[in-house]
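> Chains as they are written, first to last, in the numbering used here: chain R, -5 to 179; chain G, 618 to 771.
Keep in mind that the hints were calculated from the coordinates and are not lab data. The structure presented is a predicted model; accordingly, all values stated were derived computationally and were not measured. Heads up, some of the hints might be wrong.
Straight-line distance between alpha carbons at most 27 Å, and here's what the computed BS3-like set of lysine-lysine pairs gives [claimed, not checked]:
1. G:K686 with R:K29
2. R:K24 with G:K769
3. R:K179 with G:K622
4. R:K171 with G:K686
5. G:K684 with R:K90
6. R:K133 with R:K70
7. G:K769 with G:K751
8. G:K686 with R:K25
9. G:K622 with R:K174
10. R:K33 with G:K686
11. R:K133 with R:K168
12. R:K133 with R:K171
Restraint-style ranges between C-beta atoms, simulated for each label pair [to be verified]:
13. G:Y643 with R:K90: 41 to 49 Å
14. G:L719 with R:N96: 58 to 66 Å
15. G:M658 with R:K99: 33 to 41 Å
16. G:V713 with R:Y95: 50 to 58 Å
17. G:E680 with R:S123: 23 to 31 Å
18. G:G716 with R:N96: 47 to 55 Å
19. R:Y45 with G:D650: 35 to 43 Å
All C-beta atoms, glycine included, are put in the ideal place defined by N, C-alpha and C.
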Amino acid sequence: MNVIEMTKPSDMNDSQLVSICLQGEVDEFKKIVGKYRGKVMALALNILGNYEDAEDACQDSFIQAYRNLDRFDTRKSFSNWLFSILYNRCFDQLRKRSRFYNFFKRVKSDPSFHSVDLESNQSSAQPLSQSILRELSPKERTVLFLWAEEGYTSEEIASVLRCSSSTVRVHLFKARKKIKSILEK
Amino acid sequence: MFRCKITHFFFNIFSLKAWQSFLIRYHIQRCLDCQKELASMEDVRSLLIQESEGESLEGEWLEIRVKLKEEKRGEKHIFWPRLRWIASVAGLFAVVAIGVWLYFSNPPDKSPEEKNLAERFRINYIRVENKPAKAFLFRPHDSKMIIIWAEKNS
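Just chain G, with the same shape it has in the complex:
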């Protein structure tokens, strides 16, 4: 009996190697004391809920079928969210592209101050090393400073 208890202890606690497990199972199957401590297959069967007919197959099948069909329909709709996402990104790009194009083709009107500046400040001709050159005028924001950049014609 004491040996059985030790066997049970090892069987419960440790993960045994195949041969050790086999020896313990062999012991449990043969030992009457061990068998007395275990419920038989019949005891277990009497407690378990048995297979029963319950609801008709048709009723259950109808519910499963509806769910399967809904799922199939859902699979088709999966395409639309993806397409919607692509369409919204493409639309955004189009709006940005049109905005950039409009800005560069029709630059916004200059402020009155800038207009005055153009009237007051004008370069008709610029030469670098006795050759005609390009002139660029810069006026930083919030400043009355004007920078003139002259570049040789290449």
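So that you can see chain R by itself, here it is in the shape it has in the complex:
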């Protein structure tokens, strides 16, 4: 009998889950979604700061991961690979959002335009922690999340961000320094 068949889904490691997904139906991917959705959503929320965008980025990341599952190297960490996909999706969202805000600003400057101020409403509804996080760049927020929540080393973070570990250390250093100075104020 196959070893994979004998193992319970909860006991399976990521490479086993991936190989089952590659063999079988779409439904097998549910186990991976179930295992990672919390972490993925938390990272997306920390980068984007908006629930709807974060949810879209998460779904897109899982779909992209499923589509490229055959390209995943099972010797490497699945979570790193998934976070890397999510990180790119979130930055796509941020680019889209900045395009929207540029358009919105242009429309708003039109004297005939009368509407509720989206930006000021968003910022006023934010809790303190969110406003502190807003002082950091999305890259710094990503580095902080992976360091503090996931306990990643700078090398692991570098593999997610696809940059050098010394760059990660500088981002982490700057972010921690910024937070400390804001907290002390």
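Fit chain G to the known structure of chain R by using the hints.
Same frame as chain R, but now just chain G:
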């Protein structure tokens, strides 16, 4: 303290070699003044948005599953645009080929002027070097000039 500031400056600005970076990190980890300037892991955790249950797995999975299935269906349809493109090119070729074939098998009727020309101008027999030869008549467009080309039979 001044040394710490210089260390921080180098750490921020330059891309350092591995050993230089290690020395600076070693300093930052040991130096109390440097540590005071950095937020701890607990401070950072308290600010970050934590992992939460949010929507049920079933609901989220259903949405992902629908999108994956739609994508699979979309992959099948990718064949059709390609086939449509090939079919339209083949159809165009067929139309051109039929047109050319029809033109050469049933040349269009000559204009009345050309008919008159044939009636008025006729070569019954042509010889080149005392041997029967082929004759060709040319009449350029918009001209009343007639060119006669005689060619030896090979």
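> Hints first: check each against the structure and report whether it holds.
Now the hints, each set against the structure:
no., hint, in the structure
1, G:K686 with R:K29, "holds (21 Å)"
2, R:K24 with G:K769, "violated (86 Å)"
3, R:K179 with G:K622, "holds (20 Å)"
4, R:K171 with G:K686, "violated (46 Å)"
5, G:K684 with R:K90, "holds (21 Å)"
6, R:K133 with R:K70, "holds (23 Å)"
7, G:K769 with G:K751, "holds (6 Å)"
8, G:K686 with R:K25, "holds (17 Å)"
9, G:K622 with R:K174, "holds (16 Å)"
10, R:K33 with G:K686, "holds (25 Å)"
11, R:K133 with R:K168, "holds (11 Å)"
12, R:K133 with R:K171, "holds (15 Å)"
13, G:Y643 with R:K90: 41 to 49 Å, "holds (42 Å)"
14, G:L719 with R:N96: 58 to 66 Å, "holds (59 Å)"
15, G:M658 with R:K99: 33 to 41 Å, "holds (38 Å)"
16, G:V713 with R:Y95: 50 to 58 Å, "holds (53 Å)"
17, G:E680 with R:S123: 23 to 31 Å, "holds (29 Å)"
18, G:G716 with R:N96: 47 to 55 Å, "holds (53 Å)"
19, R:Y45 with G:D650: 35 to 43 Å, "holds (40 Å)"
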